[in-house]
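Please arrange chain B on chain A, whose structure you already have, making use of the hints.
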Amino acid sequence: MNSAYIASIVNSTLRSTTPILLAALGSAVCSRVGVFNIALEAQMLIACFFSIAVNYTTGSVLLSVAAGIFSGALVGLIVAVLQVKYRAADMVIGTSLNLLVQGGTTFLLYLFFGLRGVLNDPKLVSLNKINLPVIRDIPFLGRALENLTILDYLCYVIAVLLFVYLFKTVSGFRTLSVGINKSAAESLGTKATRIQMRMVVLSGALCGLGGTALSMGQVTMFTENMTSGRGFIAMAAASLGMSHPLLTVLSSLFFGLCQGIGVALQNVIKSQLTMTLPYIATIVALVIFSRRGGGARAKKRTGGL
Amino acid sequence: MKPSKAKELAGQIWRALRQPLAAAVFGLLVGAVVILACGQNPVTVYIEMFNKSFFTPYYLFSTLTRATPIIICAMATGMAWRAGYINIGVEGQMVTGTFAATVAALYIPGPPIFVGLVSWIAGMAAGALYALLPAVLNWKFQVSMVITTLMLNYVANNIASYFVTYPLKDTSGDGLALQTAEIAEGLRLTRLSSTSTFNAGFLIAAAVVLLMIFITKKTVFGYESKMGGFNSSFARYGGTKQVKVMMITMALSGAIASLAGTAEVFGLKFRYADGMLSSTNYAWTGLMAALIADLDPAGMFFVSIFLSGLQIGGSAIQRSLGIPLEIATIIQCCITLFVSVKLVFRFTRGKARREEAKGGAQA
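In order, the protein sequences belong to chains A and B.
Here our numbering is used: the first residue of the first sequence is 1, the next is one more, and so on.
Here our numbering is used: the first residue of the second sequence is 306, the next is one more, and so on.
FYI, nobody ran anything at the bench for these hints, they're computed from the structure.
There's no promise every hint is true.
[What the hints assert, rightly or not] Within a straight-line C-alpha distance of at most 25 Å, the following computed SDA-like cross-link-like pairs (lysine to any residue) qualify:
| hint | chain 1 | residue 1 | chain 2 | residue 2 |
| --- | --- | --- | --- | --- |
| 1 | B | Lys-445 | A | Ile-288 |
| 2 | A | Lys-191 | B | Val-646 |
| 3 | A | Lys-270 | B | Ala-328 |
| 4 | A | Lys-270 | B | Asp-479 |
| 5 | A | Lys-123 | A | Val-219 |
| 6 | B | Lys-549 | A | Val-287 |
| 7 | A | Lys-182 | B | Ser-537 |
| 8 | A | Lys-85 | B | Ala-328 |
| 9 | A | Lys-270 | B | Leu-483 |
| 10 | A | Lys-270 | B | Leu-481 |
| 11 | A | Lys-270 | B | Gly-478 |
| 12 | A | Lys-270 | B | Ile-464 |
[What the hints assert, rightly or not] Simulated DEER-style distance windows between Cβ atoms:
| hint | chain 1 | residue 1 | chain 2 | residue 2 | range |
| --- | --- | --- | --- | --- | --- |
| 13 | B | Lys-549 | A | Leu-63 | 56 to 62 Å |
| 14 | B | Pro-472 | A | Arg-116 | 29 to 35 Å |
| 15 | B | Ser-477 | A | Ala-4 | 40 to 46 Å |
| 16 | B | Gly-316 | A | Phe-173 | 49 to 55 Å |
| 17 | B | Val-338 | A | Asn-120 | 26 to 32 Å |
| 18 | A | Leu-77 | B | Asn-346 | 30 to 36 Å |
| 19 | B | Ala-505 | A | Leu-176 | 54 to 60 Å |
| 20 | B | Ser-309 | A | Leu-176 | 23 to 29 Å |
| 21 | A | Val-268 | B | Phe-360 | 54 to 60 Å |
| 22 | B | Thr-470 | A | Asn-128 | 34 to 40 Å |
Just so you know, even glycine gets a beta-carbon here, dropped at the ideal spot from N, CA and C.
For reference, chain A alone in the conformation it holds in the complex (with noise of 0.2 Å):
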């Protein structure tokens, strides 16, 4: 292995990782206020729908991403509106949803470009590619660092901040509060119902960017279901860095990692066998942290299961 070999990897694990940690920052905002969102992959792959429809039609990099966010958002609120509001199962809210945008895009794909399951077209504009100057002559770090976007950069950016907003705010902690006991936090006056509906769609908005970076990222097109299971590992790297968003940038880096190294080794091991990793190390993950972290909390954070 030599070291530009382990620049390639350090190299794909930065890019696979910038749509898992979004999502899961997604995941870990929800879990904070007591919401369990296993929407989390609806709302990333409506993104990625339309932050490429949007991309094609108009060819502007800055609406695509506008839209991503939006949708992404979207997707949150009818979670926000149906399952904290009205109380709606989790389970059920989050499977039917993730389905109806699987089927949903797929459908609009049709119905807006006459397409089936892809959309890659020359005409699409992908985000920047980032080289800085004084890194990119740097040997090692030069080729870790190649061909990011900004935001491969954004969404370590995005983490800090909602640390100290959550941990370092008056509103932060209000909010923290109503994860931890929303009655007692309702009698202080804190409309916990509201933050928890606010988290959501935050959660929303944030998967909504994890789906862009996806769709606009590394390649720009759309694929059917192109999200394959991501908010799920999402979901298992915030359970990981126990909701906290600092934890979780760690646990989403080793996710990524397992990725990144899926890709540096498809040509010495089968893909089907190395696309298995990511998953089988989100279960070892689990295992060998669950007696750290306190199991119980963890359980009840995933709804008692």
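Frame of chain A, contents of chain B only:
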């Protein structure tokens, strides 16, 4: 007294059917809007769709054939969920079990009856073990079963895909398709219709439904597992060994799941092809059916048939009218969402009424 009793019964049936019917109407209304968006007339499309799913013998047989794995998946889901174990890994358990059964059918020598028996049992054992894995991890390490069962779906699909792409790929023919060789003629399930692929797999599905009704209504285990799902502290207080109930429930769920795919291979496809059980969304459709029917075995049976009818009709209109078959998925998800919302309204209304009653008592 008799007429009032009949009236009461009619009222009961009406109350039980009211909600799924309303949900179905709502789902079809949303579907109508989507069809309008495609520039077609919803009435003609729906007539075409239902003609080509329920009201023509050939298509009715196709619907029942497709319903077979969906019914069984719904039962596998219901088995676990009613006990409070959110098993969303039915797909992985089905893939593992089916793959094991197919491999056994291909490589074990002997008379067909023996090989057939061994294959089905091997499939059920593999499915059960694959479902026990998350149960054991939950018991020993408190790892969320929702996440593990789901992750194991991807693992099973990819590993089965690896085997049919490389070591077990059928090299006869053009060798392009990613699939195993065909199983022997003697192992295949009997066709029940001379003109279509409708086969004895459907009878297996029906038997699973009856078994499920028997287990849930007539056995101690069925009661204990339901109590565990209903109120785990109460169940523990009543002397239920929860770990044992969890293990048996999950093993049964996985074993049933395996039957879904095994029936598909032995009755319809005669080989395991890459993605045959995942791209068809059998497990997820079964899950939807289970949710719509509120985990009632007989209800799940009929809802599964209805949903597979939607899918068969959906692919018919895709061929004849060019409307994507995903219309079926959209209708089906809207039905589920509406069912859940109805439940919510009932819940909040009930609560309001209770609070009112409480207020009245105080005054």
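Here is what the structure says about each hint:
1. B:Lys-445 - A:Ile-288: This hinted pair holds, its Cα atoms lying about 11 Å apart.
2. A:Lys-191 - B:Val-646: Judged against 25 Å, a Cα distance of about 23 Å means the pair holds.
3. A:Lys-270 - B:Ala-328: At roughly 46 Å apart (the allowed maximum being 25 Å), Ala-328 of chain B and Lys-270 of chain A break the hint.
4. A:Lys-270 - B:Asp-479: holds (22 Å)
5. A:Lys-123 - A:Val-219: holds (13 Å)
6. B:Lys-549 - A:Val-287: holds (21 Å)
7. A:Lys-182 - B:Ser-537: Within the cut-off at roughly 23 Å; holds.
8. A:Lys-85 - B:Ala-328: holds (20 Å)
9. A:Lys-270 - B:Leu-483: holds (15 Å)
10. A:Lys-270 - B:Leu-481: The hint holds at about 18 Å.
11. A:Lys-270 - B:Gly-478: holds (24 Å)
12. A:Lys-270 - B:Ile-464: Distance ~10 Å between Lys-270 of chain A and Ile-464 of chain B Cα, so the pair holds.
13. B:Lys-549 - A:Leu-63: 56 to 62 Å: holds (57 Å)
14. B:Pro-472 - A:Arg-116: 29 to 35 Å: holds (32 Å)
15. B:Ser-477 - A:Ala-4: 40 to 46 Å: Roughly 44 Å apart at Cβ, these two residues keep to the hinted range, so it holds.
16. B:Gly-316 - A:Phe-173: 49 to 55 Å: holds (53 Å)
17. B:Val-338 - A:Asn-120: 26 to 32 Å: holds (29 Å)
18. A:Leu-77 - B:Asn-346: 30 to 36 Å: holds (32 Å)
19. B:Ala-505 - A:Leu-176: 54 to 60 Å: holds (58 Å)
20. B:Ser-309 - A:Leu-176: 23 to 29 Å: violated (57 Å)
21. A:Val-268 - B:Phe-360: 54 to 60 Å: holds (55 Å)
22. B:Thr-470 - A:Asn-128: 34 to 40 Å: This hint holds: roughly 37 Å between Cβ atoms.
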